[in-house]
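Number of protein chains: 2
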Amino acid sequence: MPDFNWIPKSEFHRLNESGLNDHVKYGIIADMCRANTLTSVKIAGSGHLGSSFSAMDIAVYLYYKQMNTIELGFEDPDRDIYFSSKGHDVPGLYAVLYSLGVLTRDQLLKLRRLEGLDGHPDISINGIEANSGSLGMGISKAKGMAIAKRMSGHGGNVYVLTGDGELQEGQIYESLQTASHHAVNNLIAIIDHNKVQSDKRVDEITNLGKLEEKLALFGWHVERCDGHDFKQLDAVMGEFQKITDRPKVLIADTIKGKGISFMEHPQALKDGKGLYHWHSGAPDDKSFQNGFNELIDRINVALRAQNFNDIILEPVPPIDKPGSCVSNEYVVVAYGEALLDIVKKNKKVVVLDADLAADCRIRKCEDAYPNQFIECGIAEQDMVSTAGGLAIQGYIPIVNSFAAFLASRANEQIYTNACENTKIIYTFHYAGLIPAGPGKSHQSIRDISLLGALPNLEIIQPCNAVETKMALNYCVYEAENSCMLRLIIGPSPLIVDLPSGYRLKKGRGLVIREGKDGVLFTYGPVMIHEAIKSHELLLDEGYTLKIVNMPWLNRVDVDWLRQCVKDINSVYVLEDHAANGGLGDFLLRKMVKESILMQKSFEIMAVEEMPAWGNPAEVLKHHGVDHESLKKKILKTIAKCSFPSNK
Amino acid sequence: MPDFNWIPKSEFHRLNESGLNDHVKYGIIADMCRANTLTSVKIAGSGHLGSSFSAMDIAVYLYYKQMNTIELGFEDPDRDIYFSSKGHDVPGLYAVLYSLGVLTRDQLLKLRRLEGLDGHPDISINGIEANSGSLGMGISKAKGMAIAKRMSGHGGNVYVLTGDGELQEGQIYESLQTASHHAVNNLIAIIDHNKVQSDKRVDEITNLGKLEEKLALFGWHVERCDGHDFKQLDAVMGEFQKITDRPKVLIADTIKGKGISFMEHPQALKDGKGLYHWHSGAPDDKSFQNGFNELIDRINVALRAQNFNDIILEPVPPIDKPGSCVSNEYVVVAYGEALLDIVKKNKKVVVLDADLAADCRIRKCEDAYPNQFIECGIAEQDMVSTAGGLAIQGYIPIVNSFAAFLASRANEQIYTNACENTKIIYTFHYAGLIPAGPGKSHQSIRDISLLGALPNLEIIQPCNAVETKMALNYCVYEAENSCMLRLIIGPSPLIVDLPSGYRLKKGRGLVIREGKDGVLFTYGPVMIHEAIKSHELLLDEGYTLKIVNMPWLNRVDVDWLRQCVKDINSVYVLEDHAANGGLGDFLLRKMVKESILMQKSFEIMAVEEMPAWGNPAEVLKHHGVDHESLKKKILKTIAKCSFPSNK
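Chains as they are written, first to last, in the working numbering: chain A, 1 to 647; chain B, 1 to 647.
It is worth saying that the hints were derived from the structure and are not from the lab.
Predicted, not measured: the structure shown is a model, and the values here were computed from it.
It is possible that some hints are incorrect.
Put simply, identical chains are the same to the list, so a pair is met inside one copy or across any two.
Stated by the list, open to error - Listed next, the in silico PhoX-like pairs over lysine-lysine satisfying Cα-Cα at most 25 Å (straight line):
#1 Lys506 to Lys348
#2 Lys273 to Lys348
#3 Lys600 to Lys636
#4 Lys636 to Lys344
#5 Lys321 to Lys566
#6 Lys533 to Lys633
#7 Lys505 to Lys590
#8 Lys231 to Lys347
#9 Lys590 to Lys344
#10 Lys533 to Lys270
#11 Lys590 to Lys633
#12 Lys516 to Lys9
#13 Lys633 to Lys270
#14 Lys321 to Lys636
#15 Lys633 to Lys348
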């Protein structure tokens, strides 16, 4: 790891009090905020630099020049309000809030850490005015705030930043229509129009067309300017002040990655051969150092041009980080491989994507079989209903997105498809609690419950790469129903061994650790790892805990289940999910119905609260689903097997 | 009831083979279809006439003139496809399909009846190409079908009809963007632009602005014409044929209620003093007879002008209908009264509506306190996020829509609001299985499961009017969390008596029938009625079944629960919901966790399949949750109390 250096608050104070020309000053401050953003993301190991940088000048401009927020304070009802609807640009916002004394350095150095700062905005953090969900909610929420101000007679405008790819979400148009219908004139939307979404150009994913005309037709006053030019921003804000009969929107032409030459669009897109590599994730050491140096050099050049001293950097103390087990296996890579093979062989299979092709590992399908691939953009509802139409026509659509977005945002569309009794495969990427860095909007611990009440949908989560391939093949070739395939997105903490000749059998789990004092059912690489480690800890205490990998989350072979728990008094279910509506509820209902439970104890260990953000180890512990916590919980109820034999 | 008369298939055949000028012929056929639609809706007791009539000429034109569907048959992959995205105009479509021999008279006379025709489109019915959900899904689905045709090299266009109020749904814009981005040129959308949504003008609810320009900017080829003028429809379809590089949309200017003078907009809106009364529901006897006579008279005038014989009507045989218990109580009326009182007293309460103000009984709030009322149009996601913004600013938003739409379509928005830990009240109208006439898209048997995994949301369903008022007041004045208030929309089958001095106590139910052999927990007027009747049936068999009204669906007072089931061996939960994620799962988990279940039997009686459409009594029986079925199920497991005393 490189040495980390930080631009302390005192330096921002020096600049702010310098008497420098405003526009020059904001430019320097923005670069200083970029440098601190870069450092915090690098230390965190992930985060969104491209958007943080494209939106940085706007955020600096709003807080330093346009808004009364810092002056009045974040509790004042007359304050201006700013928040970002896309949310993933929050590392940049944190740096601005730090520069203004709202957040501390220690908080920024704990980006994506428990008790640090969330990877997406969370209202519990100082200066954060609203949470973001998946994309597209911000204008609606800002409108609610603006209407509230109007109702209560409070002053201040509400400024909400959106992405440009975000304009593919339908809710945006709902909010555009209603805000203009209600003439919400204290609402200002700013579109960070950096022309690139996850890793491709917006006009390549889903073209937005003539944006100015569109927004004007939706009844908004529209301005457009260079979002890095403070003079132009001045002019636009001046115009906005004159408009009092409608909501206002600025199309801010920006550069994704602005401030670090090799991250800037369009060069970065050329370098990446059409793919933008700086949307999310932390840069490698060399890129970090080069980028940091470039920023500091430019800051110093600007300072010297004004006869100011160079920027003072302070070294960052080493950051303590709990280790997490990681293997070299990604189940999602196996998924991508199996999918490629299926698409090649089966011309009735169509893969659908909502601008997450890289994360979902379906880019190879897109490149190799473009005629069997539909890029839907950031429009999950449209994607799912499109899949419905394809399925009615006899195709087998495989729908990909993050579980948190797909299960909830497109829930009714999935239900409507299910009402048609067609077969569709929904792949829920990024299922479960981990990785926890991106926070509540991305962690998916409700998805099983969100689809569990569909009688004709099977939910499966594989434990490793091999089982992932089996599961996808089962969904495509064997399942009669629609399927939901639940996958973690990160590396498997360890690679689960499967016996040779192992085959998926509907409703049956696999014993991966033998035991007779208790039995624990769980699923997915993250929780199986914790379960195995708790098995080992319990061995030290003299107990044997049978561990069952249960990939079927809403189907069970009752005879197998009866046999599996026979002569065992204590039954546990470990969820990578909330307690409500997970595997535990399902198994408990079955065991009671089939008179299997009888006198056994039954305990569900699950995420009981809203999911916390942070590093995997600390978040698992926080929710009491790490192996140490499991051991403690299990020791309270496990009883030595009293049966003479157990097989 | 009036005598019913029917226009038989032979009369459509006579017209179709008459050699009459096409446009004259279609006009007569459309009126004939209107007459049969009117009769089937009147017999059904409900249905959507206004939209069925505004879209009728278009449906007739498409099937009789434009499409190859009837000629090729509904199995031919090269056929043209038509379906309606709004779906509630399906009675009109059924009449057209009947006229063409696709459906039978007996089916149409069983509109909204089990094994008859669904109140909304269902793909299991002949000639129905897709289900509708809540509004806004159709263009996406049609696009999927059109892409499938393109991929497989099949001919035929896909025609999808949308409403105009439906254009308030965001998914519409997702689908407009992606269809044009993918240049889906075999897709034709037709907007039934009748200018009126549920009961108000579209431009009053949420103005659509310059529709032609908007649609063109979204990349579609746009035409506009009188949707009742077959010559103009000819011209438009001719134009569409020339356009091969993009999707096409027709804005069809239509008249809501077209064909029956007093149902026609704008006169009908004037007569209703700004409210349109013929959107849903069946007309009274006199209106039915006047409307039917008007149609038949016009048909005969047109026939005579062509020297044709008058239309031959055949009498409709009496329709057998199972009776359903109905009292004069509507819990939703009590809700409306309580809400009016709360809004009057508490200026921080804001009521939000998504174009269902009449059904949700919040119109009085709208009229009396317009400053505390926000009409959001048919845009549930925007409504919920707007509520989120209001709540952040210290207001208490009360969000109203049908449960099926709100719980699923706005699920992620509700979650994101919950992440902010503000307090919002979501009123889920039309919760549960009944009324079942409108079918799967409206019956809500998943909503508890859809929000059950939110730790900071309390779910409450009251059993009668009195408890409804208590529950709303609890939500507003006592609850610390957000609340979901679950209400049935129809009349209570019977009025549940509450003891004098009854108060809601969090987590506690109320025993409404004493018993000692078994205990049954249930909620809501529909299921409490079935439970009480099963209690009576079981008494005849010598068993006493304790019936508990349990308004708290995800909170329980454990001590109370322990006491409530003490000395009872058989526990039952009757759901107005699917088994998965309802009250039963919650109570079972609690009883196991708190060692209350022990050796008791526990059975959940719930809707196990996709909900069936039909009359209340037949649908309750179909799903095995009517009192007779309950009795049978309970008799299998109930055991005479073996405890010496029971209190």
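Which numbered hints are broken by the structure, listed smallest first? 2, 4, 5, 8, 9, 10, 12, 13, 14, 15
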